[in-house]
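Protein sequence lines correspond, in order, to chains D and B.
Going by our numbering, the letters in the first sequence line up with residues 1 to 231, in that order.
Going by our numbering, the letters in the second sequence line up with residues 1 to 293, in that order.
Treat the hints as calculated values from the structure; they're not laboratory data.
Please note that the accuracy of each hint is not assured.
As the list claims (entries may be wrong) - Restricting the straight-line Cα-Cα distance to at most 20 Å, the calculated cross-link-like pairs of lysine to any residue (SDA-like) are: (1) D:90 x B:96; (2) D:75 x B:190; (3) B:180 x D:65; (4) B:37 x D:65; (5) B:180 x D:52; (6) D:75 x D:10; (7) B:180 x D:63; (8) D:75 x D:63; (9) B:37 x D:89; (10) B:96 x B:39; (11) B:180 x D:77; (12) B:180 x B:9.
Unchecked claim - Far from chain B, some chain D residues (derived; all Cβ distances over 10 Å): (13) 11; (14) 64; (15) 75; (16) 85; (17) 107; (18) 167; (19) 172; (20) 214; (21) 215.
Stated by the list, open to error - For each label pair, taking beta carbons as the anchor points, the in silico distance ranges come out as: (22) B:168 x D:57: 53 to 61 Å; (23) B:150 x D:92: 42 to 50 Å; (24) B:167 x D:180: 51 to 59 Å; (25) D:27 x B:280: 56 to 64 Å; (26) B:150 x D:62: 43 to 51 Å; (27) D:57 x B:273: 52 to 60 Å.
We put the beta carbon where it would ideally sit given N, CA and C, even for glycine.
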Amino acid sequence: MLEVTNLNAFYSNLHILWDVSLSVGEGEIVTLLGANGAGKTTLVQSLFGFIPRIEGKVVFNGRDVTGMHPYDVVKEGLSLVPEKRELFPKMTVAENLELGGYSRSGDARDLEEIFELFPVLQERKTQLAGTLSGGEQQMLAIARALMAQPSMLILDEPSLGLSPLLVGNVLDTVARLNKDGLSILLVEQNVEHALEISNRAYILENGRIIREGDAQVLLHDDEIRTAYLGF
Amino acid sequence: MVVSPDIALQVVIWGLYAGCIYILLATGLNLIFGVMKIVNFAHGELLMLGAFVTFTFFTISGFNPYVLLAASVPILIVLGVMIERLCFRPILGTGKLNEIFISLGLIYIIQNAAAIIWTDEWRIIHSPYESITISVFGVNMPLDYLIIIITTIAILVALYLFLRKTTLGRAMRATSQNRKGAMLMGINVERMDMISFGIGAGLAGAAGTLWAVSGQVFNPYMGSLPAIKAFAIVIIGGLGSIPGAIIGGLIYGIAENFAIFTLGGAWKDAISFLILILVLIVRPTGIFGESSE
Numbered sequence: 001m002l003e004v005t006n007l008n009a010f011y012s013n014l015h016i017l018w019d020v021s022l023s024v025g026e027g028e029i030v031t032l033l034g035a036n037g038a039g040k041t042t043l044v045q046s047l048f049g050f051i052p053r054i055e056g057k058v059v060f061n062g063r064d065v066t067g068m069h070p071y072d073v074v075k076e077g078l079s080l081v082p083e084k085r086e087l088f089p090k091m092t093v094a095e096n097l098e099l100g101g102y103s104r105s106g107d108a109r110d111l112e113e114i115f116e117l118f119p120v121l122q123e124r125k126t127q128l129a130g131t132l133s134g135g136e137q138q139m140l141a142i143a144r145a146l147m148a149q150p151s152m153l154i155l156d157e158p159s160l161g162l163s164p165l166l167v168g169n170v171l172d173t174v175a176r177l178n179k180d181g182l183s184i185l186l187v188e189q190n191v192e193h194a195l196e197i198s199n200r201a202y203i204l205e206n207g208r209i210i211r212e213g214d215a216q217v218l219l220h221d222d223e224i225r226t227a228y229l230g231f
Numbered sequence: 001m002v003v004s005p006d007i008a009l010q011v012v013i014w015g016l017y018a019g020c021i022y023i024l025l026a027t028g029l030n031l032i033f034g035v036m037k038i039v040n041f042a043h044g045e046l047l048m049l050g051a052f053v054t055f056t057f058f059t060i061s062g063f064n065p066y067v068l069l070a071a072s073v074p075i076l077i078v079l080g081v082m083i084e085r086l087c088f089r090p091i092l093g094t095g096k097l098n099e100i101f102i103s104l105g106l107i108y109i110i111q112n113a114a115a116i117i118w119t120d121e122w123r124i125i126h127s128p129y130e131s132i133t134i135s136v137f138g139v140n141m142p143l144d145y146l147i148i149i150i151t152t153i154a155i156l157v158a159l160y161l162f163l164r165k166t167t168l169g170r171a172m173r174a175t176s177q178n179r180k181g182a183m184l185m186g187i188n189v190e191r192m193d194m195i196s197f198g199i200g201a202g203l204a205g206a207a208g209t210l211w212a213v214s215g216q217v218f219n220p221y222m223g224s225l226p227a228i229k230a231f232a233i234v235i236i237g238g239l240g241s242i243p244g245a246i247i248g249g250l251i252y253g254i255a256e257n258f259a260i261f262t263l264g265g266a267w268k269d270a271i272s273f274l275i276l277i278l279v280l281i282v283r284p285t286g287i288f289g290e291s292s293e
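Looking at chain B on its own, in the form it has when it is part of the complex:
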């Protein structure tokens, strides 16, 4: 099937939007992995919680759902800090297997807790801009997509400035590059673990709000598919690399949309894993990854 340039551009822009949610998830995963060397398998569940927090506040207050980022992000940061303190801190340094099973266990704990609070019905919320379509560079797109893209860019820029320009951000990067070296500088590395988990969870919370606002349905068990895609992006981009997460997320979102357009919706979830396999064959460390020592 031939795709005309107009449609191709449309698909790319839709892909940018789709990539945003995955980029936020994958960036959080990479931040946590970079500092703590832990893979948080329950990351999709944090997205789900972000969506439900947005849903609850939206139902109670009727606020513009984008404003509710101001609720979902801080609540998820606090939750992330609690998870680090209660679940990961006690087993620090006791072995990879413990970390893996704790984070796998968290999936079911969080899912079931959410099902008790919100029941397991599928939910949806409606953005106030739902029916508005605008034209950007001659491409028609829903206003919501544009807002989501801009919001994601703003969050990533803020994160970049935090990591590059603040003392705390530099200390976190130092911890991820050399934990022992960081300790010798007087950096309290356990505190860095806590903060990185908090920020990673906060990014997942933001992703959850954007998921809900974009009109996608959610229930307590919906977190695993976006999480698996975020893992694929992390691997495509290179483990621990935030630029890698961004590039990987964009490739992924665009490829997914092209697949829907050219091959049909059934290929949506499969295409990304085909890309993953291809990237791993050509470059086993991911696009931005470095070979481990």
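Extracted from the complex, chain D is given alone in its bound form:
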């Protein structure tokens, strides 16, 4: 479904990503792990055309999307829940959701369907997005991305800044979406929980993929446990 081959990314003269290759299959949920500064967000941004200088190839659903404008990538059916959520703070929850369906004019997901998945958003329907709590904002960001009926969803650190209870909540939602057939690339620092719900995982270090494999195997790997779980 998503095939990244030998991706290199640069910020002016800085070489951030080095020959990164990864793939996400149909219906799969794959986690990308890595410490702060490993290049996780840069990788996500390069898939969406936010990094001006990239080399390599990104193929989504059989179409070459390398270097496409962000707004064109979204139209291919690949949606992003960005690290900073990037909501429209002075618009209501309902307006944010409606804009989520912008690329699918007339063919967007039903609001009722979204409210079934995220009941809290129905209660907050007429509230301005900027006034929501952190957890609610994260739910809105995910719900908004789903409005475009994507065939694949990328989530960049959805649990960042949330309380442990909410982290479980968000990741359970992600797992449930995957069960409903959505392919998912999950970028996370919450290693244990992310690996539990994933099929496979990649580990990024200093801009390079250093390990990849079955999520359950990595979860029980001593080296990984010491490096990322702290025990």
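Guided by the hints, dock chain B onto chain D, whose structure is given.
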């Protein structure tokens, strides 16, 4: 000097009229700034072009000059779109200084082009309703003032409905609130830049027609003073806020007229800047502005 209530009301209504032209200019500036984060210093020159377009069509056709809004607004929209495509699009994201100098350069390009086309003589046109005075709430005012106030309200209501109720308008607001978020929704943000610049220029064109119809003189170099006042209004109301532009414009128009009445005409242009300084001391982000992150 004591001002009687009657006269005070008269001055307020005259101020509403004076505020209209500035409100249209300031609203356009805020729309462009909101979406593109560019300050268009050449905005007064677009008003000047609107006045000259009205003048030319008026001379050729002899139509009622208010009808010529149907010429000045579309022509300025097209011009605005061209300016965005040719001048601002190529330098998008290359830094604030480039944007500032492009828009400063545009002032002189547009002024000189206008001087070549229309010469630098002062022009004036006469409204067919020039000699008609009507009484509203016991206040005597020229019919033209009333028409200008109503026209401005109609334009602002139309803009409000466009921004609130249409998909395109919502996409523009989304772009101004969060450009990256807008891109992730599949919104072509460069197209939003183009449309916002077009609408901003169209509003300046409307302001230009109203300027001419109200009997004020104009030549190719007249745009800078109204533009400076519009900038002051933008700052009073809060950068990027359209309600702020409206409130700021009204405060401004009324204050200007009070100054003429009580302190004398020489204070007309100075009073607004005194207000600007006062507002900035009390509330540095403007009345409707928010502190930046």
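Evaluation of the provided hints:
Note on residue 90 of chain D and residue 96 of chain B: the hinted pairing is violated, with a Cα-Cα distance of about 25 Å set against a maximum of 20 Å. Between residue 75 of chain D and residue 190 of chain B, the direct Cα distance comes to roughly 16 Å. Compliance with the 20 Å bound is thereby established for this hinted pair. For a cut-off of 20 Å, the pair hint linking residue 180 of chain B to residue 65 of chain D stands: about 18 Å separates their Cα positions. Under the criterion of a C-alpha separation no larger than 20 Å, the hint pairing residue 37 of chain B with residue 65 of chain D is inconsistent with the structure, at around 29 Å.
Between the alpha carbons of residue 180 of chain B and residue 52 of chain D the distance comes to roughly 14 Å, so the proposed pair stays at or under 20 Å and holds. For a cut-off of 20 Å, the pair hint linking residue 75 of chain D to residue 10 of chain D is broken: about 25 Å separates their Cα positions. For the suggested pair residue 180 of chain B and residue 63 of chain D, the alpha carbons sit about 23 Å apart, so the restraint of at most 20 Å is broken. Taking the CA atoms of residue 75 of chain D and residue 63 of chain D, the gap is about 12 Å. The hint holds against a cut of 20 Å.
For the given pair, residue 37 of chain B sits about 17 Å from residue 89 of chain D by alpha-carbon distance, which is consistent with the 20 Å threshold. For the hint linking residue 96 of chain B to residue 39 of chain B, the alpha-carbon distance of about 9 Å falls within 20 Å, and the restraint holds. The straight-line distance between the Cα atoms of residue 180 of chain B and residue 77 of chain D is roughly 17 Å, inside the 20 Å bound, and the hint therefore holds. Distance hint between residue 180 of chain B and residue 9 of chain B is unfulfilled; the C-alpha atoms sit about 47 Å from each other, more than 20 Å.
Separation of residue 11 of chain D from chain B is adequate, the least Cβ-Cβ distance of about 14 Å exceeding the 10 Å criterion. For residue 64 of chain D, the non-interface assignment is confirmed: its Cβ lies about 19 Å from the closest Cβ of chain B, beyond the 10 Å cut-off. A Cβ of chain B approaches the Cβ of residue 75 of chain D within 10 Å, the least distance being about 5 Å, so the stated non-interface status is violated. Distance check on residue 85 of chain D: its Cβ comes as close as 8 Å (rounded) to a Cβ of chain B, failing to clear the 10 Å threshold; non-interface status is violated.
Residue-level check passed: residue 107 of chain D sits 12 Å from the nearest beta carbon of chain B, beyond 10 Å. Taking the minimum C-beta to C-beta distance to chain B, about 23 Å, the non-interface status of residue 167 of chain D holds against the 10 Å cut. Distance check on residue 172 of chain D: its Cβ is at least 24 Å (rounded) from any Cβ of chain B, clearing the 10 Å threshold; non-interface status holds. Distance check for residue 214 of chain D against chain B: the nearest CB is about 31 Å away, which clears 10 Å, and the non-interface claim stands.
Remark: the non-interface label on residue 215 of chain D is consistent with the geometry, its nearest Cβ contact in chain B lying 27 Å away (cut-off 10 Å). Range check, residue 168 of chain B to residue 57 of chain D: Cβ separation about 34 Å, and the 53 to 61 Å hint is violated. In this structure, residue 150 of chain B and residue 92 of chain D break the distance hint of 42 to 50 Å, their C-beta atoms being roughly 31 Å apart. In this structure the supplied range 51 to 59 Å is violated for residue 167 of chain B paired with residue 180 of chain D, their Cβ-Cβ distance being about 28 Å.
For the hinted restraint 56 to 64 Å between residue 27 of chain D and residue 280 of chain B, the CB-CB distance of approximately 58 Å keeps it satisfied. At roughly 58 Å, the beta carbons of residue 150 of chain B and residue 62 of chain D sit outside the given window of 43 to 51 Å. At about 58 Å, the CB distance of residue 57 of chain D to residue 273 of chain B agrees with the hint of 52 to 60 Å.
Violated hints for the displayed structure, listed by number in ascending order: 1, 4, 6, 7, 12, 15, 16, 22, 23, 24, 26.
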